[in-house]
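Chains A and B supply the protein sequences, listed in that same order.
Using this note's numbering, you'd call the opening residue of the first sequence number 1 and step up by one each time.
Using this note's numbering, you'd call the opening residue of the second sequence number 1 and step up by one each time.
Treat each hint with caution, since some may be false.
In silico contact screen, one side only, chain A against chain B (beta carbon under 7 Å); selected entries [what the hints assert, rightly or not]:
(1) Val-140
(2) Pro-171
(3) Phe-233
(4) Met-249
(5) Gln-262
(6) Trp-264
(7) Leu-272
(8) Pro-277
(9) Tyr-282
(10) Leu-285
Pulled a few chain A residues facing chain B out of the computed Cβ check, cut under 8 Å [to be verified]:
(11) Leu-22
(12) Val-28
(13) Ala-29
(14) Leu-31
(15) Leu-37
(16) Ser-108
(17) Thr-138
(18) Leu-145
(19) Gly-157
(20) Asn-159
(21) Gly-162
(22) Tyr-253
(23) Ile-273
(24) Ala-274
(25) Ile-278
(26) Leu-283
Bear in mind the hints are in silico, worked out from the structure with no lab data behind them.
Cβ atoms here follow ideal geometry from the backbone N, Cα and C, with glycine treated the same way.
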Amino acid sequence: MPSLTKTRRFRILTSRRRMIGLLLRLAVAILAIIYALFPFLWIVSAAFNPSGSLATQRFIPERASTANFEELLGGQSYSLHPYKLWLWNSIKIASIVSILAVFIIALSAYAFSRFRFRLRRSLLLGVFLVQIFPSSLTIVALFLLFRQIGDYIPAFGLNRHGGLILAYLGPILGINVWLMKGFFDSIPRDIDESAMVDGASHWQIFWNLILPLVRPILAVVVVLVFIGTFNDFLLARTLLQSTEQFTLMVGLYLLVQTRFTQNWGLFAAGALIASVPIVVLYLLLQNQIVSGLTRGAVRG
Amino acid sequence: MNKIRHAPKGLRYIALRLLALAVVDAFASWFLYLLTRDRAWPLATAIIVVTLGVNIVNLRTDLYPLRWLSPGLVLLILMALYPIIFTVYTAFTNYSDGHLFTKQQAIRLLAKEQYLSESAPIYRWTAFRSPNGEYALWLMSEDGQAFLARPGEAIQEGIPGESGVGALDEEGIPQSIEGYERLSRANTVRFIPEIGALEFGQLPDTIKVSSLDKAAQYQQRYVYDEARDAIVDSTTGKVYRADETTGTFISSDGEALIPGYQVPVGLRNFKRLFTNPALRGPFGIVFLWTFEYALLAAFTTFVLGLFLALVFNDPIVPGRKLISSLLIIPYAIPSAISILIWRGMLSPQLGVISINLERLFGWSPAWRSDPGWTRVAVLLINLWLGYPYMMLVCSGALQSIPQDLYEVAEVDGANAWQRFRYITLPLLLVSVGPLLVASFVFNFNNFNPIYLFNEGGPPIPGATTPAGYTDILISYTYRLAFAGQRGADYGYAAAITITIFIMLSLITVFSSRYTTRAWEEVSENA
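With these hints in hand, go ahead and build the complete structure from the sequences.
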């Protein structure tokens, strides 16, 4: 029976090794989670710490209160940092951009999916190539472009949301078109063909047939573009100049840039309000993408 | 193949479409008129291309599919492609503070400058005010001639019965002007601050009130003489010739008018970049650090991401889904906000990390003023921001590695390190390799951690252009264009942008061994 004992010993050995491995892994997990979450928890603590300054913060605030939030959303210094206005600007801009974007992307994806025409392949490739060029590199040119446009059409010039929205929409086609085209491709042509026999136009097919079928992917694109626009700092920082035009990210930077240590509590409250919805959207979106993908496939 | 059988043919639809096209064309023509008047050729060209394209696509039925693409393509051309081309154009001009305008615009701006000549005609004035606060002046010259002047309109002769001018009183001043009320002496005094701020009449002849009853005619100071291509100062008679190599109006004794204008300067910006010793020093530091930053950022995030993915890839770990949800939270928080939080935590003396290091070791690094430690801080922040993405990517790639390879290796007696080194890593790099190149390129231009943490600082001493030890090329460019105390230099910034672009293109091409696979996938889908 030597072989049996050998296996048993091996099993005990491996199970002990597995236990140690598991414990090590759990230790790593705890350390990693602390690393990942600490900044976030620290900002939660700072937001509810009424003293509001960087130096006097404790991890568990002594007298937790919502003083920072009250000050931020309408305190004495509100005119210096109009947080609600910034939040509204960000939501407004990101909403307009994401809705226009999804419409433009869907139109293009339909054309790439349903028509065969000259230049089709080169346009598809071109759309992909332009977005490889990092958009941060064109920041100076965009600034100059909008300054020039503003000389003639102020509503789309510098320091205006109209101009910023156009700038966000510029490189929007890119990878999104590829993504959506894939979904359009997965919807069988037979649906279009039979509708066409019934006399439907391309527009009717697009609007009444295809779009309802790809609603999940439309939602995913809207949310992705919304988050991307909402989070942008560089472009908004470059094109916007006055406090009341700022988006949230630029506003928060302003808050930190001037009197950082005193404004720490205000910044924390503002950062919390701004990031919690985005984090939630993000975590929800993970499943959404997966279900969007599977649903699209099932329907195709 | 789906032949385009019918573009929709409803008459109403066609009429609506043509109407929309007409509106677009009208708008474009108006814009083009303004642009050509100012000789703003680059933008004018872009508008012409786009407008022509939209028209052709909408008028030719065989281009019907392109109509669907037109909104996206118009935006792509104007807001993504044009800026790229314009960057190239700008790099070869002297576009900078002091040279912001086209020559036409500069001439027009200079023409607005006015002066009061000693021989200027003097008028006695009476003010009229409309209910919504607009003003008109009734002017009497010394020889008894009367004029009516309103802001922004040419001065006209004052004749009773014309332009709503009522009957004159014994002093020759109308009792009323239609739409305006004559101001009494007392009211004139009350409104004099407003009246005094206005210019009446139209350029080049404008009138300003100079005292309670006197008004004087101002004259244009700088007059452009097209024949000589020069600007003449009417006050002194001095001639400023247009110098097309520097883009300034310059007099024979070397005095230049402000503003100047844009001219092409050839390779001058690039020459400055590579030959001017005062610029080359900071540029060299920034240049090297950009490469170090991009490489280290890509490498550190990959290593941590891969490590975490390996640790949690084993199914024996309980709650794997929860753990990975928690670990990707740094990726979900808007990065600008996270960086500012880190800025607070690493704040010297006051930030939580500095305080605790101080407490434990009696010392904490100067995270924001020491060049080396600031670089470390930027990389640490970047690591926190970037590892979740690498973790997600790696755990996806790990799951696609066939398990039997490991079993075979185990039978052959390979230890854990050997299995990792000879199975996991090579197979992983096949799929993750292109993403590492992409991560390098992304971090090469990763502006936010640099700018938001410390604005690129601490500053490099002795640099003639603003530059800091953590500045990467893109933030250096940003500073040159927007934050220079010595004035913005867009031409020079554009030259650096092009340098970055060329380098990135070369890197992408050289690493194409890895990226060809991605390319093939892309073109297969087409």
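Each hint tested on the structure:
1. Val-140: Status holds, d = 4 Å.
2. Pro-171: holds (4 Å)
3. Phe-233: holds (4 Å)
4. Met-249: Constraint on Met-249 of chain A satisfied, holds at 4 Å.
5. Gln-262: Given a least distance of 11 Å, the restraint on Gln-262 of chain A is violated.
6. Trp-264: holds (6 Å)
7. Leu-272: violated (9 Å)
8. Pro-277: At 10 Å from the nearest chain B Cβ, Pro-277 of chain A fails the 7 Å test, so the hint is violated.
9. Tyr-282: Given a least distance of 4 Å, the restraint on Tyr-282 of chain A holds.
10. Leu-285: The hint is violated - Leu-285 of chain A has no Cβ within 7 Å of chain B, the shortest such distance being about 9 Å.
11. Leu-22: Result: holds, 6 Å to nearest chain B Cβ.
12. Val-28: holds (5 Å)
13. Ala-29: holds (5 Å)
14. Leu-31: With Cβ-Cβ at 10 Å, over 8 Å, it is violated.
15. Leu-37: Nearest chain B Cβ about 6 Å off; hint holds.
16. Ser-108: The hint holds - Ser-108 of chain A has a Cβ within 8 Å of chain B, the shortest such distance being about 5 Å.
17. Thr-138: Because about 4 Å separates Thr-138 of chain A from the closest Cβ in chain B, which is inside the 8 Å limit, the hint holds.
18. Leu-145: Status holds, d = 6 Å.
19. Gly-157: violated (13 Å)
20. Asn-159: violated (13 Å)
21. Gly-162: Where the cut-off is 8 Å and the nearest Cβ of chain B is about 12 Å from Gly-162 of chain A, the hint is violated.
22. Tyr-253: holds (6 Å)
23. Ile-273: violated (10 Å)
24. Ala-274: holds (6 Å)
25. Ile-278: Since the shortest Cβ distance to chain B is 6 Å, the answer is holds.
26. Leu-283: holds (6 Å)
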